[in-house]
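A.B. asks: Build out the structure end to end from the sequences listed, making use of the hints.
2 protein chains.
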Amino acid sequence: MSNSFHPPVRTLMGPGPSDVNPRILEALSRPTIGHLDPEFIRLMDEIKALLQYAFKTKNELTLPISAPGSAGMEAVFVNLLERGDKAIICSNGAFGGRMQENVERAGCTAVMVNDEWGQAVNLEKVETALKQHTDAKLLAFVHAETSTGVGNDAKALAALGQQYDCLVVVDAVTSLGGIPLEVDAWGIDAIYSGSQKCLSCIPGLSPVSFSPKAVEVIKSRKTKVQSWFLDMNLVMGYWGQSTKRSYHHTAPINPLYALHEALLCLQEEGLVSAWERHNLHHRAFVSGLEAMGLSILVDQASRLPQLNAVRVPDGVDEALLRRTLLNQYDLEIGAGLGALAGKIWRVGLMGFASSQKNVLHCLSAFESALVAQNLPISTGRAINAALKVYS
Amino acid sequence: MSNSFHPPVRTLMGPGPSDVNPRILEALSRPTIGHLDPEFIRLMDEIKALLQYAFKTKNELTLPISAPGSAGMEAVFVNLLERGDKAIICSNGAFGGRMQENVERAGCTAVMVNDEWGQAVNLEKVETALKQHTDAKLLAFVHAETSTGVGNDAKALAALGQQYDCLVVVDAVTSLGGIPLEVDAWGIDAIYSGSQKCLSCIPGLSPVSFSPKAVEVIKSRKTKVQSWFLDMNLVMGYWGQSTKRSYHHTAPINPLYALHEALLCLQEEGLVSAWERHNLHHRAFVSGLEAMGLSILVDQASRLPQLNAVRVPDGVDEALLRRTLLNQYDLEIGAGLGALAGKIWRVGLMGFASSQKNVLHCLSAFESALVAQNLPISTGRAINAALKVYS
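Chains as they are written, first to last, in our numbering: chain A, 1 to 391; chain B, 1 to 391.
If you are wondering where the hints come from, they were derived from the structure by calculation, not from laboratory data. Any given hint could turn out to be false.
The list cannot tell twin chains apart, which means a pair is met if one copy fits it or any two copies do.
Below 27 Å or equal to it, Euclidean Cα-Cα: the simulated DSS-like pairs (lysine-lysine) are [what the hints assert, rightly or not]:
1) K58 / K137
2) K244 / K222
3) K137 / K224
4) K224 / K86
5) K244 / K343
This structure is a prediction, so every number in the text was calculated from the model and none was measured.
C.D. replies: If you want it as C-alpha cells, here you go:
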C-alpha cells in the first residue's frame, strides 16, 4: 500500500515551476466551493481584472484557461485559425517548433522564420516573410524562449505584424510578470502564459487574453473550433458576465484561489517593481557567475533576467553537477534542450524565486559543485561579486 | 485593490465538486517540486498504480490528464477517431450530447441513439444501431449521467459493443469510486473520469485509461491527433517508464499531490466499501425524502446513489429553495439542466460528501426550507426515516 507523499523542500531555479510563495500555497488549500457559487463568480471577476492588470490590457476576453500553458497555446491557434489558413511562425527555440505543430494540426500552413537557438528572432527575416506571404492570417512568436534564455523584441515584432495586417500572437509563458510586457500598447491580439513561471503560482493554469479584433475573428468563424474544451466561444460564455454565465466545464476551483493570490502579490508589489526585481537578481547572479569564470550563452542585449543559460565549461559533467545541486542542496536547475543539451544549464530566477537568498544559495552551490569536479576556480569571489551588485 | 479570497465553508451536495476531505486539501498545499524531479516521477508511478486499482484495470496507459473531465472526454475521442470515422453515441442526458460535439469536431460522424432524459439507455435500440452501422469504430455511453441521476448498464452496453467489434468508450466522470465499475472485466477500451466527484478531490484532473487494443489504434493512426496537448502518443511518453520520460507539458504538481491522496483514501477504504457506503447514504437520504412526501425522478432500477434527482413539488419555487439552502445552511445542491430545468434538484452524495452527517443536514435543511414555502409536510419524519436506515 502506498503512503502519503511528502515532497522534499526544494529550491526551484529551473525553467519552471518556480518557488511558490507560501502565501499562495495556503490560499490553494482553502475550502473548495462550487463553480456556480456566487462567491466563486465574484472570484472569477476579480481574477479577470487582476489578469488585465498583469497583461496591461483592457481586453474583456482575459481569463485563465483551465489547463497548463501548452493548452493555452493550443487555445490561441485553434480559435484564430481555420483549416487552410496560413500563419507565420518565428522559431528560435523549442517553443517556436511547438507552435508549428499546433498550426499544422489545425489543418493550416506554418511559414517558418527560423533563427539559431540562442539568437534573437531576426526582424528583417520576419519582414521578408510578411512581404512574401501577404495572405498570412497571423504572426506568432515567443516573447521569452524558456529553452534558450533569449528574449525576443516583442514590441518591434508586434509592430511589424500590425504593419502587415496580421493578427499578432505572443507566447508569454515565461515573460508575464518578469519583464516588460504591454499587450494593448504594443498591439498584441492574442497572448497566453503559464501560472508556474514569473507568477510563482502552481503549474496547471494558462492566462490568456484576446483583443477585440481577435474576438471578432473567433465570433465570425465559418467552422466550429476543432476543440470543444478550448472553444473560446464557449469559454467566454462560462467566464462572461456574472448575470448570464453558461455552464461549460468545471473550473479548477482551488488552483484559481492560488492564481488569485499570486496575482494579488504581483499587484501589491507593482508590475514595474517586479520587473526591476527580476533584473536586479539577474545582474547579481551573472556577476557572481562571471567572477567564477562562467559565462552566459546569450548576448547581453537579448538576455532574459528570469532564465539564465549558463555555458557548461569544458571538462565538467553537466548532469553530475545538476545531481549534486539537487541531492546536496535541494536545488533544482534545468538542463539544455535539443541542440543545447549538454552545453548549457538553465537557471531560473522567476517570481518568488528571484531573490537575493536564492542567488547566493545558487552561487555557493555552483561553486562547491564545480570545485568538487576539480574545476580550478577561486572560491568566495562569486558571492562577493554578487553582493557588490546588491550594495 | 482586491483582497485575499476567503471562501465560505460550504457543504457540497451538488453535481460536483463534492466535499473535499481536509486530508486532501492538506496534501494539495505541500511544497511544489519540479515535474522532472525524481521524487515527482516516483509520485507519478504511484498515481498510475492507484488509478489502476480504482478503475479495476491492468491497462498500462492509465493516468490523469492535466485538465478537467471535459478534456478527458476530448482526449478519448480525438485519439481514437480519425476524420471520416463513425461513432455510435448513446445519449440520455447532457453528456451524451457533449460526446456528439466532440465526435463531430473531430471531422467524424456521430450516430445518435437517443433516450429520454431520466430514462436509462435502451439496449435494444443500441443493438439495432450496431447492426445497422457495421462500419462504426466505437460505441460510447455515459455510465452515470450527472444531468439526470440515471445509471446506465455499463456492463451490458460494453458487452454489446464488443460483440459488434466496436471500441467501447465510457464516460465515468461521476461513476468512478461511487458505483461498481470494472474496466477489464467488462471489456472497456477507453474511459475517462473527473477528480471532483466520487474521488472527492479538487476539480481539474481527468483520470483516463486505454486498453492495449485502444493503444494499438492510437499508435497506428494514419494522421496526427488534432490536439497537440491531448495527443496520447506524446502524453504516454511523458507519463511512461521513469527511465525514458520525454518532456511534453508541465504537469499540475500540487493537484496531483491531492489526487494521490484522494486515491490513497479510496484504497484504504476499499473500492467495495466505498460503493457500499454510497449505497447506504443514498438509501437513507431517499427514505427521508419520501417520508417528507418528495420523490425521485428516476426508476429505482436505474437510480444513481451518488446523484439524486429530486422532483420539485408543485407550488414550490425551486430556485428559492436552493438559495435558502445556500444562504441559510451553506449547503449547495444543483438545479436541473435542459429539459429538466425547474423540474428537479440534483443532490449529490459523492465521495467524502456521502456521509450520515450530510444526509441528515440536507434533510433538515430541505424540510425547513419547504415549510418556509408553506408546503404542508409533517416535520421530523424525514430524519427519523433516515435514521431507521442507519440503525
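A.B. asks: At most 27 Å between alpha carbons: which applies to K244 and K222, within, between, both or neither?
C.D. replies: within (25 Å within a copy, 43 Å between copies)
A.B. asks: When no copy is specified for K137 and K224, does a C-alpha distance of 27 Å or less occur within a copy, between copies, both, or neither?
C.D. replies: both (17 Å within a copy, 23 Å between copies)
A.B. asks: Given a CA cutoff of 27 Å, do K58 and K137 count as a within-copy pair, a between-copy pair, both, or neither?
C.D. replies: Close inside one copy (23 Å), not across copies (47 Å); limit 27 Å.
A.B. asks: Cα distance capped at 27 Å. Does K244 pair with K343 within a copy, between copies, both, or neither?
C.D. replies: between (54 Å within a copy, 20 Å between copies)
A.B. asks: Checking K224 and K86: alpha-carbon separation at most 27 Å within a copy, between copies, both or neither?
C.D. replies: both (18 Å within a copy, 19 Å between copies)
In this structure, every one of the numbered hints holds.
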